[in-house]
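Engineer: The whole structure should be built from the sequences, with the hints applied where relevant.
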Amino acid sequence: MEKGISKNVYDILQVISGLYLSFFLFYHIRAVMLGRFVWNTETDFHFAAWGVKNSPADRFFIPYYSLSVLCVFIHVACVHRQKVLALRQSKFGLDSSYRLAGRHAAVIMITGVVITTLIITSFIRA
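Position 81, counted from 1, in the sequence shown is what this note's numbering calls 81; the numbers after and before it change by one each time, with no gaps.
Calculated directly from the structure, the hints in this document are not laboratory data. Values in this document were obtained by computation on a predicted structure and should not be read as measured data. Glycine residues also receive a C-beta, built at the ideal position from the N, C-alpha and C atoms. Hints may be right or wrong, so weigh each one.
[Unchecked claim] Beta-carbon label-pair distances, calculated as ranges:
id, residue 1, residue 2, range
1, Y98, R36, 41 to 51 Å
2, L118, A86, 16 to 26 Å
3, R125, A86, 35 to 45 Å
Structural biologist: Printed below as a string of structure tokens:
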């Protein structure tokens, strides 16, 4: 590691979530375009839910969609944490800023877990 560059868990999470989102968006858009223009299938909610409801495809699609939604929230939480730290450090000091920024990030990530659970549940019940 280069001198002067410190990586914390939030930096690593931001990079990993960003890489997964890139992977997801590339393959998701590809699948939608294939479904729409090659297979002449309606690419709506039920198109996505089919993979989650049918075995053995569910072993791929449940983690695929779950991780995509979670990664959006993780990525946003990491960026939000950086912004909170940048705004608060000069006014309130390092310790209180780190605590507040960590709490904000945790709330955003927990919200992501709840929303992911709701989305996957709605796919399964569709």
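Engineer: Next, verify each hint and record whether it holds.
Structural biologist: Cross-check of the supplied hints:
1. Y98 to R36: 41 to 51 Å: 47 Å, holds
2. L118 to A86: 16 to 26 Å: With Cβ atoms ~32 Å apart, the hint is violated.
3. R125 to A86: 35 to 45 Å: Given about 42 Å between the Cβ atoms, the range holds.
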